[in-house]
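Protein chains: 2
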Amino acid sequence: MSADERESGPACPLPVASSATIRLAHGGGGRLMHDLLQDIIWPAFANPAAETDCDSATLCLPPGRQAFTTDSFVVRPTFFPGGDIGKLAVCGTVNDLAMVGARPLYLSVGFILEEGWPVDDLRRVVASMRAAADAAQVQIVTGDTKVVDHGKGDGIYVNTSGVGVLEHDLTLTPAALQPGDVIIVSGDVGRHGMAVMSAREGLAFEQALESDCAALAAPVQALLAAGCTPRVMRDCTRGGLATALIEIARTGGARLRIEGRAVPVTAAVRGACELLGMDPLYVANEGCFCVVLPPDQAERALTVLRRDPACARAVHIGEVLETQTRGQLWYRNELGVDRILDWLSGEQLPRIC
Amino acid sequence: MSADERESGPACPLPVASSATIRLAHGGGGRLMHDLLQDIIWPAFANPAAETDCDSATLCLPPGRQAFTTDSFVVRPTFFPGGDIGKLAVCGTVNDLAMVGARPLYLSVGFILEEGWPVDDLRRVVASMRAAADAAQVQIVTGDTKVVDHGKGDGIYVNTSGVGVLEHDLTLTPAALQPGDVIIVSGDVGRHGMAVMSAREGLAFEQALESDCAALAAPVQALLAAGCTPRVMRDCTRGGLATALIEIARTGGARLRIEGRAVPVTAAVRGACELLGMDPLYVANEGCFCVVLPPDQAERALTVLRRDPACARAVHIGEVLETQTRGQLWYRNELGVDRILDWLSGEQLPRIC
Chain A
1 MSADERESGP ACPLPVASSA TIRLAHGGGG RLMHDLLQDI IWPAFANPAA ETDCDSATLC
61 LPPGRQAFTT DSFVVRPTFF PGGDIGKLAV CGTVNDLAMV GARPLYLSVG FILEEGWPVD
121 DLRRVVASMR AAADAAQVQI VTGDTKVVDH GKGDGIYVNT SGVGVLEHDL TLTPAALQPG
181 DVIIVSGDVG RHGMAVMSAR EGLAFEQALE SDCAALAAPV QALLAAGCTP RVMRDCTRGG
241 LATALIEIAR TGGARLRIEG RAVPVTAAVR GACELLGMDP LYVANEGCFC VVLPPDQAER
301 ALTVLRRDPA CARAVHIGEV LETQTRGQLW YRNELGVDRI LDWLSGEQLP RIC
Chain B
1001 MSADERESGP ACPLPVASSA TIRLAHGGGG RLMHDLLQDI IWPAFANPAA ETDCDSATLC
1061 LPPGRQAFTT DSFVVRPTFF PGGDIGKLAV CGTVNDLAMV GARPLYLSVG FILEEGWPVD
1121 DLRRVVASMR AAADAAQVQI VTGDTKVVDH GKGDGIYVNT SGVGVLEHDL TLTPAALQPG
1181 DVIIVSGDVG RHGMAVMSAR EGLAFEQALE SDCAALAAPV QALLAAGCTP RVMRDCTRGG
1241 LATALIEIAR TGGARLRIEG RAVPVTAAVR GACELLGMDP LYVANEGCFC VVLPPDQAER
1301 ALTVLRRDPA CARAVHIGEV LETQTRGQLW YRNELGVDRI LDWLSGEQLP RIC
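If you read the protein sequences in the order shown, they are chains A and B.
With our numbering, the residue at position 70 of the first sequence is 70, and numbering never jumps.
Remember, our numbering sits 1000 above the position in the second sequence when you count from 1.
Just so you know, the hints here were simulated from the structure itself, not pulled from any lab data.
Computed from a prediction, not measured in an experiment: that's the story for all the values here.
Backbone N, C-alpha and C define an ideal beta-carbon position, used for all residues, glycine too.
Watch out, some of these pointers could steer you wrong.
Listed next, with one range per pair, are the computed distances between beta-carbon atoms [what the hints assert, rightly or not]:
(1) B:I1340 to A:N47: 39 to 47 Å
(2) B:N1047 to A:C60: 24 to 32 Å
(3) B:N1333 to A:W42: 33 to 41 Å
(4) A:L276 to B:T1021: 39 to 47 Å
(5) B:R1123 to A:T303: 47 to 55 Å
(6) B:H1150 to A:G277: 23 to 31 Å
So that you can see chain A by itself, here it is in the shape it has in the complex (with noise of 0.2 Å):
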């Protein structure tokens, strides 16, 4: 068009509702993406912080320190047993702030769509997402859609970024360490990686996987006002409960031990693992995070978290053997028999997140 013949695009698209895939044009700026906005993602979002007319949220945070994450989630399939790439993008975002002890405020979504995925798909992510956040109590306040062309994406990715407040004095850092402080897990390992997988591949096992995917912050609040002093947690996201605590013991330099027939596994899990050579030790969680914390608060932080849903399993699963030294995890097997757990190069499974 030149200047002089600009007309207003074609006359009269459809609207966004009659239109059952996302196409080039919902990303563009102009008539599609706002209709897409409006139909869809907006009224999903609906609360009193959220932008609408403009690019950036206005908030009001209360004084002091504050946390500040993000997060993209690439997972695939985009719905599975247990979750979808929307609640897990609320729930792993809202787990990052929850793991430096923050209370999770707000949210913002960034959502990256493939031409020709269906829009009824975005509504379910959206619904979730909105379910989700519900739930843990924050809220999505600002967001942004692009779209890419068909076979430049997977369907949906999606990214998380929080905010939230630190109501406590503690810095939590692998640092603080103790030689005997305790290692607690707060949930048997390796329920999201196997359901992933098991939704990926089509397998179908005797006992149903389901992933554990969850928000962890109201756990972590919980342990925070019963008067535990955690040195650090980390939740056991990609490379699973084994690749969290060595982070911790590198990061800390710190000679950590779990026991391996502590580490609690469901059946379910143990049994899919074996059948695909996988160890569950390594395989990622989403609802489940590992806190070390002095001794003389162990049991205190088991009732307390064990209240929770989420956390209903949490056990002692090992200690701090001594600090100052260098990073290493030792696990000790069904006989006894310590040995140093690394790094798996990769993973074992790529997108699971």
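With the hints as your guide, set chain B onto chain A.
Leaving out everything else, chain B in the frame of chain A:
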């Protein structure tokens, strides 16, 4: 692996520096991912507030109101005249914060990398982000990296979210428009879109086309410091100047009018647009915004804005004719004929940012 045959993965994997391309394992949470972070990402973004040993950054924001925003970037190609996806991602989010009058402080960055993409390109993008962040006086404090299979991405997608502080009491909203308010555009329009287009299509024009990609926080802060009280500001990204003003008009229920001959367009952009049949008013910018303010502030605003190199061509292009009415953007052409401008259905150029 069974629990009793656990190994530490392939012995002594190559450090990331010697891997020429991104591999799925770079996103797996294990050793290769740690190497990628340690070799490339943490050194580039190092700053006092950055998290390296946990998944959230701890901030200490001044009391008052804050702004929070997010944007994903999927521009194709990754590198274009005048910028790249990294500079764009920093400037874009800085500008979203600037448009509500916030002083941008902290950014997060989320990478979605495609298997097989050159690691050296990641180095370039990361260095460009650091330079853009330094120039805009923001700190990149938290991040995340995911890798998707070859054929499920397009080299790199970047999400940046941002937190800033509001150091004024204004509420910038289209609802604040008053009849007689003036409309200023901060620079010439259409450069980003046409530069990306020329790079994408391998077009060579007589005059070089460079993106206007730039951070706008400094000129906006200068405007506020000079006592200007904008009603509303909007950066002219996807959909260009026309789409930004149509959104303002519709949201604010106001009739705006701009003068076609007042809108600055470089000869290079004009020539390229004529050749390709595009309208510069609808072509994306990444370093250009429009601001509406009371008429008695127009001269002061222009003087202040023009001191900033990114806004040297700032000019008065129109006014608010009427409020509390049906929101419309009118355009007066060279012959003095007025016409309504409407949203395009999508956008003339997909994947421009």
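How the hints compare with the structure:
1. B:I1340 to A:N47: 39 to 47 Å: Given about 34 Å between the Cβ atoms, the range is violated.
2. B:N1047 to A:C60: 24 to 32 Å: With Cβ atoms ~26 Å apart, the hint holds.
3. B:N1333 to A:W42: 33 to 41 Å: 35 Å, holds
4. A:L276 to B:T1021: 39 to 47 Å: 28 Å, violated
5. B:R1123 to A:T303: 47 to 55 Å: 50 Å, holds
6. B:H1150 to A:G277: 23 to 31 Å: Given range 23 to 31 Å: holds, Cβ gap about 25 Å.
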